[in-house]
Structure formats: structure tokens, C-alpha cells
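Given the coordinates of chain A, work out where chain B should sit on it, guided by the hints.
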Amino acid sequence: MTDVLTRAWQSDIAFEFRRSPAAIGAAAVLLLFLAAAVVPDALAPVPVFDLTRIALRDAFLPPAWMEGGSPAFLLGTDAQGRDLLSAIIYGARVSMLVGAASVLLSVLIGVPLGLIAGYRGGWADALIMRAADIQLTFPAILVAVIFDGIARAALGGVAHERLAVPLLILAIGITGWVQYARTVRGATMVERGRDYVAAAALIGRRQGAIMLRHILPNVLTPVLVLATINLAVAIILEATLSFVGLGIPPTQPSLGTLIRVGNDYLLSGEWWIVIFPGIALLLLVLAVNLLGDWLRDALNPALQ
Amino acid sequence: MIAYVLSRLWQAALVMLVVIGLAFVLFTYLGDPVVGILGADSSEAARAAIRSELGLDRPMPVQFLDYLGRVLSGDFGVSYRLGRPVDVILAERVPATVELALAGMALALLLGIPLGILTALRRRSAGAQALLGVSLLGISVPSFFMGVLLIWLFSVTFDLLPSFGRGETVDLWGWSTGLLTLSGWRSLILPAITIAVFQIAMMMRLVRAEMLEVLRKDFIRFARARGLSDRAVHLRHALRNTLVPVVTIAGLQLGSVIGFAVITESVFQWPGLGLLFLQSVAAADVPVMSAYLVLIAAVFVTINLVVDLLYLWIDPRLRADGGLEAARR
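Protein chains in written order, with our numbering: chain A, 1 to 304; chain B, 305 to 633.
Worth flagging that the hints you see were computed from the coordinates, not collected in a lab. Here the structure is a predicted model, which means the values were calculated and not measured. We treat Cβ as the ideally placed atom computed from N, Cα and C, and that holds for glycine.
Derived coverage of chain B by chain A (criterion: at least 3 residues anywhere in the stretch with Cβ under 8 angstroms from a Cβ of chain A; other residues may be distant):
(1) 308-322
(2) 442-448
(3) 456-469
(4) 556-570
(5) 580-589
(6) 594-607
Here are the simulated distance ranges between beta carbons:
(7) Gly208(A) to Phe368(B): 36 to 44 angstroms
(8) Asp391(B) to Ser268(A): 35 to 43 angstroms
(9) Gly156(A) to Phe462(B): 39 to 47 angstroms
(10) Phe523(B) to Leu267(A): 55 to 63 angstroms
(11) Gly186(A) to Leu436(B): 23 to 31 angstroms
(12) Ala209(A) to Leu539(B): 55 to 63 angstroms
(13) Gln10(A) to Leu539(B): 46 to 54 angstroms
(14) Gly208(A) to Arg535(B): 56 to 64 angstroms
(15) Phe523(B) to Ala154(A): 50 to 58 angstroms
(16) Ala154(A) to Leu436(B): 43 to 51 angstroms
(17) Ser311(B) to Ser268(A): 51 to 59 angstroms
(18) Arg194(A) to Gln573(B): 55 to 63 angstroms
(19) Ser347(B) to Gly156(A): 21 to 29 angstroms
(20) Val190(A) to Leu483(B): 49 to 57 angstroms
Bound-form chain A, shown alone:
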């Protein structure tokens, strides 16, 4: 065990990591958010969804350091008297879950399609890449909104409300597959010509096995980098959709929903209700972006 740890510590990637203050800082922030996602109850000062624990007389309290603030509510309270820090911790959890699930979905759609397109070529390749071209004609946000609109019209309001979270994951996941498919396709076309693939085919391995067991492991590095960067994109997309009212409903708010709700109080001067969730979102996205940038450079020495 210690042997494994020592080797991990001495590996190139760990060395690169120790040398980069930005990566360390980003990883620290991200760990904090991860902790919020895994054990929100341990971190949040108040269980904000326990209706017996919130009181309307606590509504609109400013942050603790301002005049009229209460030390019990570090970042102040919202219109229902909920502790904002706790709401942010639970909200970040929803944001990260939806973001990660969407990225996973994009990978699960894009990687197999890229493998097939790159390995088989021919009409399968043409079909998949044409579909990718058509989708790339539109920005991701519009694809997601259109998808949501279709789901809304097809399901009707109530059913849509109940399925809001899975539908949102589906809408965001669908916007992301093209990049993975393109990247994997390019890498697969290179790998397909290698000797080890010919050798595997020669000993009679089936096409599916060659793609999954032999080629896939060799094309996963760029997928990992893309997934990290796209996690930031997915989190922003989720927040944006929630902000315009097409995402997560206020009963189980994400950071975007919190910003949407808080925005109603901006003009009347209760700025903290909208600004703090926004800053939390910004920190989360910035940390993921920094880590993604660092990972891309660390895994690809040619770029340095």
C-alpha cells in the first residue's frame, strides 16, 4: 500500500501537480465542494429543507458582519428565513450532481459513437459525423432549451415538473456528445492502423472486443481532459437553464435556481441573496476550469 502511494507521489503527474500552485488551489476548492456534495449535513449549519427549523422572522437578515446581521447566519438569510450558506451548500450539491451526470451521459453517448465511426468508417462514419455537424450548427444552450421545450410540450406541465432533474441531465448531456465523438473518432482512426490492432484481429478477436479492450484504453486520455473542461460547461449550462426558469424547480434548488430566486430581491437592496450563490458558482466553475487547463497541459507535454 505504501509502495503504491510512494509511486503515485513520485509519478510525473504528481510532480507536475506539486509544481503548480493554481492546480493545488483549484483542487483544494474542488475538494471543499465535493465534501459539500457528499456530506452536506455535516457542513451546513442549518438543515434548510427541514421546515420546522426555519422561521419567517429570520427572513432578509444581512450577512453576519453587516449591521443587523446575526452570527447564526454567516451569509445572511433569504426571503423565507433560510440560512444562505446552508442553501448554497445544498445547492452546490445539486449543481455538481447534475453537471457530473450530464458529462457522464455525454461520454457514454459520444465515446461509443466515436469508436464506431473511427473503426468502421463507411456509412456509419458518414451518418454519425453528419449528425454531429448538424448539432454543431447550434450553440449548446439553444439545443438544451429546444430539448426542454419539446419535452415540456410533449409531457405537459405536471409530468415535466416531476421529471425536471432527469430531463435536465438529458438535455445537457445531449449537447455534449459531439466533442467526444469527434475526438475519439480521430484517435481511433490513428490507432486502427497500429500493429497491435492488426495482431488482435489476426488472433481472431472480434471487432467489438478490439474496440473496447484494445483501442478504447488508448484513446481515453483526451476524453478525460475534455470531460474535466466540459464539467465546467455543464455546470454553467445547468445554472443558466435553472436561472431562466427551465431547469431545477425551487423545491430542491441548485445554485442557478438560488440565483434566479435571489434575483427578485436585487432591486430592493437584498443583494446577498443573489450575489453569494453566484460567487459560489463562479468559484466552482473557476476551480474546474483551472484544473482542466492544468490537466490538459500535464498530460500533453507537447503543448508546453
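Showing chain B alone in chain A's frame:
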């Protein structure tokens, strides 16, 4: 070359056909216009009568061709939510979105390109590093939160600029413009910045990366070896070769600006197409949704087509067969 142009045109037509097909499916299967006309408590016989009157009982291909014909003549039906013809509603909203997108785009180009060049040429300087850090912040701020921050700062805290709407507009031969009144300009500032921040940061990073790539090339080294001044090398050789891909980027940026306009319009209650689209999605107003889909697809397909053809025109190396496809990979 001609083969490439033709295949590119064919591809554009194909995309439009797929999108119109999608809009048709939406329009036909999701929104039942009969219920829209008669109300939910109408009798089955009355519905059947209207259905045959509207031609909804004909075979699907016939209906699709009919729909295609109507779309091509700009007839998208009547909005469920507003009860008015969709094409009229869309036409009213176009000027607001176009002015916002162009203002955002102008900011992105006028600031993004020079900053990108500057940070590439002075890549080791503290200023360039700081700008790069700020640009990372710029692409990390979700645009709706940027809008919220700007409203908080300039509308709520300092009370300098309006937080919503377009201000006073002037009707110019059917085009309602906000660019001729003071309140119109004041209203444009915050939304334009909101839409531009991400684009400026993106443009700057892309131009910088492109310029650094070009500066590494052999012809730059030879130009220096010939004893040309820094200024001549940078402007005549490096910049010119950098700007080729920038044309593509700028075109795609324009598309992304229109995409982002949906969000910005929502934050600032800017009465453009994007806000209309969001309201229609929330109300499941299918005729407006499908019309917006077709309209926006036409815009994007045109932009992509023009960018690809421009690229071909600017960079003669790509005119060989398949050159563009190869250069993109």
C-alpha cells in the same frame, strides 16, 4: 473547388431540411391546432370538420410539403400564447436582437483581437499574465451572473444605467432602433457588456494561441534572419497569418453571441427574439418555438456557410480538393 462549394451548399440545404422536418414534427404532433382553435371542450365531430378543413387528415408527405411551402413563404401559423400571426411577432422582435448581437460582437472584436495580439507578443510580461488570468475569469463567469453583477453595480448601487428594457426606440422604415435616442444607448450598455465579456475573453485567448503558433513558424525565423524589424515581422508576417483562422472564429462567435442573447435578453428583459423564445418554451407555445427553430437554423447555417466560403477565399492553400476538411482536423 467548385465541387467543394457545391457539397457545402448541399450540406447547408440538408441541415435546413432536417430542422424544418423537426419543426414540422413539433408543429404537427405536439401542438394540436384544432384544440387551439376550438378549445378543449369541443365535440369530436366539430374537431373532425376543422381537421379536414385545415387539411390535417391528408397523408403525412403531403402535409410536410404543404408545411415546407408555408415555411418558405414565411407563414408559421398563429401563436397560442399571443393569438397573433407568428411571422408578425418575430418581425417585431428582430431589431432588438440584431442590435444587441452586433453591439456585443463589435466589443468582442475591437477588444479581443488587440488584446490577444498584445498578450502573444509580450507573453512573458506581468501585464500579459494578469490579462490571461482575468480572461480565465471572463470565461468562467456564467453570462447571466455577469448581467446580475452589472445590474447590482451600475443600476442598484450607483444608479447610473437602466436595468431592463430598450429605452426609447425610433421607428425607421419599420425597423425600431434604439440607437437614435440617449435612453436607447444607455439601455444597450449593460446587456452589450454582458454578452461581450465571455466573447472578449474567448477571442483574446484564441487569437493569442493562434499568434503564438504562427510566431513559432519557420517563415518568421527567416523574416527575422533577413534583418526585418520587429514591427514588420509582427505586422506583415505574423498578424496576417493569424487573421485567417480569426475569420472563422469571429463567424462562429457571431453564432454564439446569438445563442447567448437568449440569456442576456432574459436577464435584462430585452424585448428580442431570445426572450420571446424562452417565454414560448415556458408556455409550450409550439408555433413560435418551431418558427424560432427554423429562423435561428437559417441564421446559423448562413453564418457557417459564409465563414467556410470566406475561408476558402482568404487561404488559397485550401482550394485544392478536400483542403478545408484536412485543415480543420
